[in-house]
Amino acid sequence: MDVSVKRGDVFFADLSPVVGSEQGGNRPVLIIQNNVGNHYSPTVIVAAITSKIQKPKMPTHVGLRAKQDGVERNSVILLEQIRTIDKQRLQARVTALSSTKMAAVDRALAISVGLVSLPKPKTYNKNQQQRA
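Numbering (the UniProt record's numbering), first residue to last: 1 to 132.
Possibly wrong hints are sitting among the right ones.
Quick list of in silico lysine-lysine cross-link-like pairs, DSBU-like style, CA-CA up to 30 angstroms [stated by the list, open to error]: (1) Lys67 to Lys120; (2) Lys67 to Lys101; (3) Lys57 to Lys101; (4) Lys52 to Lys87; (5) Lys101 to Lys6; (6) Lys52 to Lys6; (7) Lys67 to Lys87; (8) Lys120 to Lys6; (9) Lys52 to Lys67.
Calculated from the structure, these hints are not laboratory results.
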């Protein structure tokens, strides 16, 4: 299957087989690899997407809204669940994300791979009250 793939595209892909806590099965994935690699390589780098949005919100998560972002259901891009797959695993193209949404993806991806540091959480002693 010779498929045109661009950074920011969402495809369905077969991520099986998996081991342990890896996201698997037929699911949407976001293409995060650069377009030169997408053009010349037989593989692509993707981030798994889940519609199980009760997962804890992490700085490596980016939300997608069904109508606004072109996906079937409200979902979350899991930038801590990235992997390289062969293009043969790609199935139907779903949508392409906006540049605004991809800017949020870039921030979450930078956190995921350690290109930026997160601020340390505040610690409080017993006599202090946590302020919201």
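Hints violated by the structure (numbers, ascending): 1, 8
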